Every structure is written in structure tokens, then in C-alpha cells.
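Each chain is listed here by its residues.
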Amino acid sequence: MLAHAAHHGPPTSFIRKYVFSLDHKVIGKQYYALALVAALVGMALSWFMRIHLAWTSAAIPGLQLLTKNGAPGGVMTPEFYLQLMTMHGTIMVFFVLTTAPFAAFGNFFLPIQVGAEDMPFPRFNMMSFWVTFTGFVVLMASFFTGDGPTLGGWTQYAPLNAVGPVGGPGQGLGVILWAASIALFCVGQLLGSLNFIPTTLDLRAKGMSLMRLPLSAWAWFITSCMGLTAFAVLMPACILVILDHVAGTSFFVASNLVMNDQLLPHSGGSTLLWQHLFWFFGHPEVYIAIVPGIGIVSHILITNMRKPMLSHRVLIYSMGALAVLSYMVYGHHMFVSGMNPFSSLAFSFPTLVITIPSTIVVLIWTFSLYGSKLRINSASLFALGFISMFVSGGVSGFFLAQPSIDIMLHATYFVVGHFHLVMGVAAMFGIFGGTYFWFPKMAGRMMDETLGKIHFWLSFVGAYCIFMPFHYLGMAGNVRRYSTFVDDFLQPLIRVHRFITVAALITGAAQLIFLYNLIHSRFWGKPAPDNPWEATSLEWSTPTPPPWDNFGGKLPVVYHDPYQYGVQSSVGDYVMQTSPEQVKKEHDEK
Amino acid sequence: MATTIHQPPQIDPQSLLDQGRSGNGGWRNLVPADGDLRVALDHSPPPSSTAIYVVLFAITMMFAAFTSALIVRKGSSLDWQTFTLPSILYFNTLLLLASSVTLEVSRRRVAALMGGLKSQGGSPARWLYITLFLGLLFVGGQYVAWSQLRAEGLYLATNPSSSFFYLMTATHALHVLGGLGGLIYVIRKLSKSALLRSQLVATARYWHFMGILWLYLLLLLWMKL
Chain A
1 MLAHAAHHGP PTSFIRKYVF SLDHKVIGKQ YYALALVAAL VGMALSWFMR IHLAWTSAAI
61 PGLQLLTKNG APGGVMTPEF YLQLMTMHGT IMVFFVLTTA PFAAFGNFFL PIQVGAEDMP
121 FPRFNMMSFW VTFTGFVVLM ASFFTGDGPT LGGWTQYAPL NAVGPVGGPG QGLGVILWAA
181 SIALFCVGQL LGSLNFIPTT LDLRAKGMSL MRLPLSAWAW FITSCMGLTA FAVLMPACIL
241 VILDHVAGTS FFVASNLVMN DQLLPHSGGS TLLWQHLFWF FGHPEVYIAI VPGIGIVSHI
301 LITNMRKPML SHRVLIYSMG ALAVLSYMVY GHHMFVSGMN PFSSLAFSFP TLVITIPSTI
361 VVLIWTFSLY GSKLRINSAS LFALGFISMF VSGGVSGFFL AQPSIDIMLH ATYFVVGHFH
421 LVMGVAAMFG IFGGTYFWFP KMAGRMMDET LGKIHFWLSF VGAYCIFMPF HYLGMAGNVR
481 RYSTFVDDFL QPLIRVHRFI TVAALITGAA QLIFLYNLIH SRFWGKPAPD NPWEATSLEW
541 STPTPPPWDN FGGKLPVVYH DPYQYGVQSS VGDYVMQTSP EQVKKEHDEK
Chain B
591 MATTIHQPPQ IDPQSLLDQG RSGNGGWRNL VPADGDLRVA LDHSPPPSST AIYVVLFAIT
651 MMFAAFTSAL IVRKGSSLDW QTFTLPSILY FNTLLLLASS VTLEVSRRRV AALMGGLKSQ
711 GGSPARWLYI TLFLGLLFVG GQYVAWSQLR AEGLYLATNP SSSFFYLMTA THALHVLGGL
771 GGLIYVIRKL SKSALLRSQL VATARYWHFM GILWLYLLLL LWMKL
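Protein sequence lines correspond, in order, to chains A and B.
Per this note's numbering, the very first residue in the first sequence carries number 1; after that it's consecutive.
Per this note's numbering, the very first residue in the second sequence carries number 591; after that it's consecutive.
Treat the hints as calculated values from the structure; they're not laboratory data.
All the pointers check out, no bait thrown in.
Quick partial rundown of chain B residues pointing at chain A, CB under 7 Å, derived from the structure: (1) MET651; (2) PHE656; (3) ALA659; (4) SER666.
The model shown is predicted, which means the values in this text are computed figures rather than measured ones.
Every residue, glycine too, gets a C-beta built ideally from N, C-alpha and C.
Work out the full structure: start from the sequences and follow the hints.
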């Protein structure tokens, strides 16, 4: 009986090599490219919104091209503002923050880090990408069909998500396309989990025990388990929304609902039902976005500190605890939904508890960094930036975890600042760090370090200039989701909004440096050696770039824990996992 | 004082395995010592044995979501109208359970064949065909049940109870069709003598799970509708 480590030979045709590739490395790069395009689109949308918030009557040239009626003369209507906001959130959460750190890097590096020559089901892996890609196309198509994309926010709250065109622009076809796109995305990610989990459990090389897996591999494994649970719930929820639209069912729309002077034909639906289904996915999604970042950042920091973290095991257990607890806290998004106050209490407690593993992770990073001679490069800077953003955004989570405070702040910019820092910017920094760190292996060339450092400092300072004032705005009562601030008490805050907009434009422009660096280095960068960072894990023991079967037909044998730094060996202060060399640790000799 | 080790001592891979730290891939026996790929393939456990549980877990979560939606929806309003389940569903249940038995017979025969034992009383393929036939009958029977409900004027959007009935039974039937696809794949592989036992085992687990899931759905719909 033969089992399958890989089902395919080397690709022979252009289509098989670059388009419908079965190679996990090509699929990883495809995911990265998709995330890059999605991030640029999402960033452009945020620019439009920011300009409108700061200078409400300013015309944005070309904006009319994105909408039929939403931007007469280039000035967006309130409805179009909400449509842009919805698309910004959906694109960023699903097609960037999930796609890049998990699907892109995970696809490329998980099989190599465990010592396998591919995922166990390459065809499903290929389908995973193309289904996700189709989901993105369907979402983008909503810009150009009917009356534009949905305006219901990335959370698509009921009953607005199910009432149909009477709910406003994009609430008919736009919602259907949104739900179809997300359902496709869920299928893509489930197919991803179907590969990630058996890869980690069944395809590890000889000697690669679970505790010898690098922290990044652990993070992808834990994330794939979370994704399996979360996306399997969101998909049926999307199906229910579509049925409410096309089949006349009443899952989410209550009886006798009158909207825009029309009595809706639905009866008895539950608006809270959607919130429960959505947030059961939605909160784990936050960790699906951030846990790969935790793993990637740990992996980068260890390599640059030249010593392992204080506790490998505790970091892994903390990531696991985050994954488990993430399902028990989802109700904290619903403190203002009108659910039973005792439920709020029940959800508040685990929400405070989940700060414990997060704190442990941060403390391990901090105390491991203490006294280390950190090599400063673009990757390690972004890793430090990740920690900074994770802590800054996480601290405001303490406030929001308490229902009495959350009720005051929930509909304000405070929450927007909180989740952008802790989930958005932190995860983005993880993606950037991973890119600077792994680009040599992925592309076979080095990225420009100077440009990388400029990119870091502009992004780091810029992100704080954008999102810190959000907290102030929130505490000053600045309501979120408004496209203009005409109320008296909001007028003085417009100056803050202008500052944020300028910061957002500059920080966004700084990302073009990254884009230039990425493309320029891909073609004209300095050729990368096999192990430029003197790292230990398996991805650095393969040639650069790795051959189609990763290890040239010979599977590696693993002799060491993943992070044997600060030792004395024949190659330097590290021993690779594949090296049979037995070494003494420095502290063993003292 | 630190010294460079010029001739590094080699670690015996076997000693790692003996340390009780679950080397050798940790989870199960994976790769032999020399790292040769073809030998490795001979000894690797099938990832499909893990993957099938991943699939079953995802399906479980999906129906858990539908179940919680049903309970919340029923409790949230007074418009829920109960109706009697079409009696053909009970006959369909018997068909699906019988198909699990025939598939199990087939699986054991394949195992016996692979173990070098002589086949007793018919080839495994025959039992696979019977399973396939019973599975098709089940899906056909479900269609008859939907037709009967339509004849009674109960459509998808008639009432939340009928919505959930159609939704859950149709989703289950789609998954059964997926299982039938798996059976056809297994039959084709068997006819070419290229069937892996792991593929048959994974298909059988999936199929049995469809039966268990149906029993759960029947109980849920019988209690709630």
C-alpha cells in the first residue's frame, strides 16, 4: 500500500506551472499576489473615505468610475461612503488579513518547515486558491453591477442584509454577491484547512516531533484548526442570507417590518440569529488574522536575537489558548445588541481571561528580547512593530471587554482605533515582517534593506498618527460610520480628522516604497544565498528557490529543536535542524 | 572556554526515537532512516485518514450552525407551524442504514483481499455497486419526500419549519451525492486494481457518517417540526 506524500511530478506546461499549479509554493505566491492586489484596492478605498471625512465637499477625480450614482461630480453620497466602508472592511479582513499571513506564507512554508515535499492533496490546494480568487472577483463585480456593492458593513447585520433593494443601494444584488463571495471564500479556506492539518500531523519528516515544529508552523496549524471551525459556520450563515433574498424565506427579517414606507413580506425572522452566527465566526477570525502573525514574528525575532524564546512550549500553549478562548468570547461584540445582560456578563469574563494568554505571549517576547543582541533589519523591525501595535491595540481591549464601558464606546471611533491597531496594523506588520524575512527564499533575491527600513519607520509612525487619534475621537463622542460630521459637537473634531487623513495619505504612499522594493528586488535584487539569515529551520536547508519537490527527492531527517541558536558549531552560532552535529549550548559550559 | 568541535559526533536517529519524544514524525511512523522518498512512501500513513476527520468536523460544524439557527428561529417567533414528516423518510432511513452495512461488507472483503486471503462469496465490487444503488435510491427517496411536501403546498418559503426541512435535507442529500462520487471513484480504482485501502476506509467513514448525520437530522426534524 502506498500513501501519498505528493501526487504530482514536476510541472511541464506553462499553465500547470504558473496558473493551475499543484505546487504549494506557487499556490502560496498566488495567494500573496491576491492579497497584495486586495490590499492596494482596500487601501485606495480607505483613501477615498478619509479624504471625504476631512474635506466633505471635495471632489475626488475618477471616483465616478466606481459607481453609477454614488459620486456625482466626484463627491460621494453618504450611501456610497457606506458602500466603500463595507468593501474596505470585507476586502481587508478576508482577502488580505486572512489570505496573506495564513494562506500565502502558510502554503509556501508549512510543508517545507515540517519536512514534506508538498501538501497531501495538491488538487484541493489548487482549488482552494482558485475558489478564493473567484470569491474576490465576485466581490469586486458588485462595484459594476446593479446599484453597487452592499452598504451594510463587513458584519452585514440583519435585518438590513436580508430586506432586499428597499434597504438602500446595494442591498439587493450587492448583498447576494457579498454573501456568495464570502461563501466561496469559506470553501477556499476549508479546503486550505483540509491540507494544512494533515500536512502538520502526517507529513512531518523523521525526527520532527510536534515540539520541534517552528513557532510559525504551529501558528499555521492552530489557525487552520480555527478556520475549520469558523468558516464552516459562516458559510451556512451566508446561505441563509442568500435564501432570504432569492427564495423568500424569513430567517433574519422580523414580522411587520416597514422600511422606506414599505411593509416587508417576511415574517418572524430573528435579527440576533445573524449576529450569533456571524460573531461565532467573527471573533475567531480576529485570531485567524493575528495568530499567524504571532508565529511569524516569534520566528523572525528568534532568528535575529540568536537565542530561543524563554519558553517554546508556553508560546505554543498560549496560541492554543487564544484559539480555544476565541470561541467563548464572541458575544462581546453583541453587548449593545439587546441580548440578555447576564449573557453580557458571561461573555465579559472569558474576554478578560483571553487577555492572559495574550499577555503571556507579549511578556515572553519582551523578556526574551531583554538583553539580547538583536540584529536590526527590516524583518526584525517589523516584528518589533508588530509587538508595539499588538500591545497598543490590545490595551484598549481591556476597556471594551467591560459591557458598561463598551456600551458608551461601541458606536464610536474608539472601537475603530482598537481593532485597526490590534488586528489590522499588527497583522499587516506581521505580513511585512514575513515578507522581508522570507522573500529571499520565495524569490531567490534579497530585498533592499534601506528601503525596507524607510518603509518601516514611515509605516510605524504613520500608523500611530492615524489610529491613536481615533481613540481620542471615540472618547469625544465621535460616532463611527457617519460620512459627514454636521452636528455641533463633531465640528471641532474635523481638524483631527484632517490630521488623520494627511497621515493616512502619507502612510499609504509609503506602502508604494514597499511595492517598488518588492517588484524591483524580484527582478533586479541581489541573488540570495540559501540561508541569508543564518537560520536553523528546514526552509533554510533547501536550495534557494526550493525545487518543485522542496528537498530534491530526499526528505530531511531532523535532529534538533527548531531554534538552536547561541551554540557553538562548525558553521557558527547555530545548528540547523537537519544537521546531525551535536553541540553544547553556551550556558551549558558555564 | 568555548571550543569549536571539529569532528561533530553523529546522532543516531534511532536514539532520538527511543527517547520517547515521539520522533519519526511524532504523530505516527513516517519516514525511514535513510530519507529515501520511495521507501518513505511505502511506510507513510495515509493523510486521508486525518483529512477525512477534518471533512467530517467541517460538516458537523455546518449542521451545528443550522441546528442552532433552527432552535433560535423557532423560539424567536410565533409563526412556526408544525407538519408531519413524509413517511417515506423512514423507508429512506432503512435504505441508508442498509447501504452502510453493504459498504462495510465490501470494505472487509477488500481488506481480506489485500491481506492475501481468498475472496469469499462474490467480489467486493459487487457490494460497492449495491451500496451505490442503495445510496441513489436514498437520494431518489428524498426527492419523493420533497415532492410529497410540495403536493401538500409546503414549499421552501411557506413556513420557517418547511424552510429548515428543505434546507437541512437538501444539504444532507448534497453531501450524500458527494459520498456517491467517492464510491464511484473507489469502484473505478478497484477495477484498475489501483485502490488504496486508505481511500476505501476514508470513503467508508464518510458514508457511515452520512448515516449517523441522517439519524440525527431525522430525530431533530421529528422533534422540532
